[in-house]
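Required output: the full structure, derived from the provided sequences and hints.
Number of protein chains: 2
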Amino acid sequence: MSEKLNRLKEMLGEVSDLNNAVSVLGWDQQVNMPPAGGEARGQQLGTLGKIALEKFTTDEVGKLIDDLKQELNGSDSASDAAALIRVAARDYDKFKRVPPEFISERAVVSSKAFEAWRQARAKSDFSTFQPHLEKVLELVHQYISFFPPADHPYDTLLNDFEPGMKTADVKTIFDGLRPKQVELIKAIASQKQIKDDFLYKNYNEKKLMDFSENVITKFGYDWSRGRQDKAPHPFASSFSVNDVRITTRFEADSPLATLFSTLHESGHAMYEQGVDPDYERTPLAGGTSLAVHESQSRMWENLVGRSLPFWEHFYPALKKTFPRKLEVVSLKSFYKAINKVEPSLIRVNADEATYNLHIMLRLELEIAMVEGKLAIKDLPEIWNTKMQEYLGVTPPNDAKGVLQDIHWSGGMIGYFSTYALGNLISAQLWEKINQDIPDLDSQIRKGDFGQLLDWLRRNIHKYGKKYEPQTLVEKVTGSKITYEPYIRYLTKKFGEIYGL
Amino acid sequence: MSEKLNRLKEMLGEVSDLNNAVSVLGWDQQVNMPPAGGEARGQQLGTLGKIALEKFTTDEVGKLIDDLKQELNGSDSASDAAALIRVAARDYDKFKRVPPEFISERAVVSSKAFEAWRQARAKSDFSTFQPHLEKVLELVHQYISFFPPADHPYDTLLNDFEPGMKTADVKTIFDGLRPKQVELIKAIASQKQIKDDFLYKNYNEKKLMDFSENVITKFGYDWSRGRQDKAPHPFASSFSVNDVRITTRFEADSPLATLFSTLHESGHAMYEQGVDPDYERTPLAGGTSLAVHESQSRMWENLVGRSLPFWEHFYPALKKTFPRKLEVVSLKSFYKAINKVEPSLIRVNADEATYNLHIMLRLELEIAMVEGKLAIKDLPEIWNTKMQEYLGVTPPNDAKGVLQDIHWSGGMIGYFSTYALGNLISAQLWEKINQDIPDLDSQIRKGDFGQLLDWLRRNIHKYGKKYEPQTLVEKVTGSKITYEPYIRYLTKKFGEIYGL
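Line by line, the protein sequences are chains A and B.
By the numbering used here, the letter at position 251 of the first sequence is numbered 251, and the numbering carries on one by one without gaps.
By the numbering used here, the letter at position 199 of the second sequence is numbered 199, and the numbering carries on one by one without gaps.
Don't take every hint at face value.
[Unchecked claim] The calculated BS3-like cross-link candidates involving lysine-lysine, where the alpha carbons are at most 25 Å apart (straight line), are:
1. B/K9 x A/K50
2. A/K50 x B/K50
3. B/K206 x A/K50
4. B/K206 x A/K206
5. A/K55 x B/K206
6. A/K55 x A/K192
Derived by calculation from the structure, the hints in this document are not laboratory data.
Since the model is a prediction, treat every value here as computed from it, not as a measurement.
Next up, the structure:
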């Protein structure tokens with residue numbers, strides 16, 4: 001077996017090198033590339049992507065996977081080798097099913113749809129985007145048709161982002177969560193509004209960046225294996241366990257967002273930095289799913305970064321950095337301000353208590369689209385109705401409603417729910433972590449994140465893609481993904497903040 | 001023919017994408033990569049390089065080239081298509097002759113030799129580098145053996161950097177130049193020393209960088225298709241005609257070097273930015289040879305950037321930028337200082353009048369090594385003897401002598417002479433340019449470089465690799481590469497400065 005396994009690893013190592021090179025080129029495109037460089041970069045990315053796919057889907061790779069699966073035959077299924085073969089087989093099957101011509105066509109359609117979406121959003125006019133979204137949806141149906149029938153056609157889409165996750169499971173989780181979350185924000189809405197005007201003053205960009213970098217240094221983000229740059233959108237990107245970079249941006253009208261987005265991206269990056277180095281250049285490298293990834297980013301951003309113990313430690317330093325803005329603001333007032341709950345129109349700006357409702361709305365619409373129960377032309381109206389129902393607000397126009405997110409233009413249907421699942425997983429892990437590290441709060445109060453990161457390293461990060469998300473969560477917490485810890489977390493936190 | 005040509009272009013387009021991706025990865029490694037990322041980057045570069053080679057040397061590419069050569073059969077040999085096939089055939093032949101195992105072995109030997117060189121230079125002890133250089137030389141002999149016998153074995157090496165150039169030609173040129181250049185610096189040595197202490201004060205890095213960038217903006221470096229970053233060594237790197245970047249560094253003990261190295265790299269970059277966009281993703285993209293490339297960088301750095309008209313325009317602004325350092329320094333004094341001639345030990349710091357002598361010394365040693373007439377162990381002694389003979393100085397140790405340059409550790413034997421040839425070509429072109437643009441000096445005096453760049457674009461840049469260096473120089477100036485314009489340039493310039 002080891003000879004064939006080595007050969008498979010060698011071949012997939014090259015595929016991995018190509019994919020990592022694609023990531024470097026993509027990172028450079030966002031961070032450094034001069035404006036005119038786009039066309040050539042597109043060609044380079046296209047060629048590398050094509051070769052990576054060709055090299056992954058050769059008959060030899062298929063044969064090796066089959067042989068190794070047979071040789072393994074259930075024995076030692078807990079080994080890394082078995083996991084590697086499982087993940088390779090899953091990906092191989094997927095890529096073999098989807099014809100390269102389809103991938104090319106989808107790239108062309110998405111590219112046009114993206115441009116149409118950009119213009120439609122600028123003019124706040126859904127009708128010009130509508131035919132493009134219809135075409136995207138057609139391709140989504142076609143994509144689903146390449147795969148064997150699942151319990152639900154949406155399963156096939158979800159599976160690309162959350163391996164092993166079923167539509168029915170997500171629905172059950174969300175159906176349990178929704179009424180409780182709606183109830184909570186109704187209760188909050190009846191309380192006194194929190195004052196937060198001091199968050200929106202003219203904060204100095206450089207000082208804020210430096211402060212953010214100091215915080216993530218204390219978290220344990222390893223700068224010898226990473227860096228932070230400015231980019232139009234914050235993201236984390238990994239080219240190796242030893243080269244995991246993050247980006248940030250500065251928005252004058254929401255300066256503190258720079259800090260929280262750095263904490264968020266550092267969570268993604270520390271996950272990638274923590275994967276077992278033995279998985280380098282294998283299909284097991286990297287985080288296991290978008291939701292588990294999001295559980296890490298949201299944990300450092302919210303459960304840590306918007307907690308009272310965290311600010312008990314960092315607020316004096318922040319106050320010292322911005323004395324004129326914060327000298328009259330107490331720790332409690334600051335803590336409340338950064339946790340202010342306010343139903344709003346835009347997902348990416350939503351607070352912890354309302355965020356998931358934005359996601360549930362999207363998931364319902366996506367499922368209805370895939371089931372053919374919703375005509376694309378009716379999307380704006382249904383969007384607005386649901387916004388009123390869940391959040392009590394109605395978008396004044398499509399730009400602030402159905403056109404706000406980029407995902408659908410790129411054909412990324414099935415993606416959104418991972419954001420909400422990430423929130424849930426973060427709270428579920430957090431309960432377990434607090435059982436295992438009973439004095440975690442007081443460690444955080446001292447600015448000591450060593451045990452927390454170590455726990456995540458040992459229980460989540462190091463496994464890379466070895467376990468599917470549900471398996472991993474169950475292995476660690478004793479239960480599959482569930483909404484209860486998250487609602488307990490929200491209820492306690494916002495109950496205290498709003499005196500419910 | 002057009003169908004086969006299109007197929008060849010398509011295949012070589014992918015090779016070009018891969019090579020450009022390699023360049024992006026290499027640039028990132030120098031400019032951005034966190035320290036720990038090196039191993040993974042090495043693997044990515046190795047895989048991409050290997051695939052580029054495999055894709056270039058397929059039988060199909062070979063057959064297409066052969067077929068197209070036959071179909072062309074001498075007719076229309078001036079066309080771009082004919083040039084493309086010529087260059088593709090030349091490279092194909094070269095890569096087919098060198099076995100991939102040899103390339104791998106050379107990479108390993110070079111990597112070890114580089115590390116040995118680094119340590120040997122640090123300890124200034126040639127003896128620890130000696131066995132590595134011997135091994136490198138063995139591989140150089142082996143490399144030569146893959147090719148048909150040339151007039152001189154060194155021709156094969158030279159040909160990799162200067163296609164079509166013969167050892168005998170370079171020798172003839174250098175033999176004519178050497179006594180004249182030695183004579184000139186002897187004459188200069190007998191004159192009064194130039195005062196230049198004000199160049200070595202504590203100049204502000206940021207201001208110097210900004211000043212440099214303003215200058216190259218006036219030159220015509222296109223920032224929409226480029227950028228400048230800091231790196232350990234200055235270099236230019238091209239990923240497309242629309243993405244050509246440069247780097248610079250700041251050395252506290254030689255601050256003005258930042259300015260001149262930016263001018264130098266902008267010359268390389270403007271060459272690449274000026275290649276016919278129709279050559280994108282073909283073997284004709286990029287500069288035709290190292291010497292022609294160097295002619296562009298040296299022209300902007302020296303013939304323009306160290307000229308009196310240039311400083312008549314820019315000196316007031318420089319003085320305004322650094323008033324305390326330069327207020328008592330006249331234009332003439334500044335001009336003389338930046339052109340001070342001083343025989344010295346280190347090539348990269350050498351002035352215009354002495355630089356070529358450093359190169360000639362290296363060329364003679366390289367030829368002797370390749371001819372087997374020089375034992376590696378004797379290198380330091382012969383180096384020092386020749387330094388005394390040509391420049392009148394003797395290195396106090398090997399670090400400042402035979403160990404100063406990186407090239408030999410990487411197996412780059414045949415490279416050095418391109419630096420001196422670049423100087424010669426720059427002056428040869430300069431005479432022609434001044435015939436074509438008689439008032440060039442007064443244009444430069446006004447900070448107007450438009451006609452100069454336009455001339456270079458039309459006569460040199462746009463042709464990319466279409467013509468071999470000697471052909472191009474002859475086409476433009478009416479004569480093959482010759483040393484006379486350069487010695488005329490040196491004699492006039494330094495005659496005036498030193499009152500000879």
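Structure-based check of each hint:
For the hint linking B/K9 to A/K50, the alpha-carbon distance of about 17 Å falls within 25 Å, and the restraint holds. At roughly 16 Å between alpha-carbon atoms, A/K50 and B/K50 fall within 25 Å of each other, so this suggested pair holds. Restraint check: the Cα-Cα separation between B/K206 and A/K50 comes to about 43 Å, which exceeds 25 Å; the hinted pair is violated. As the CA atoms of B/K206 and A/K206 are separated by approximately 17 Å, the hinted pair is consistent with the 25 Å bound.
Among the hinted pairs, A/K55 with B/K206 is inconsistent with the structure: their alpha-carbon atoms are about 47 Å apart, more than 25 Å. This hinted pair does not check out: A/K55 and A/K192 have alpha carbons roughly 60 Å apart, beyond 25 Å.
Hint compliance for this structure: hints 3, 5 and 6 are broken, all remaining hints hold.
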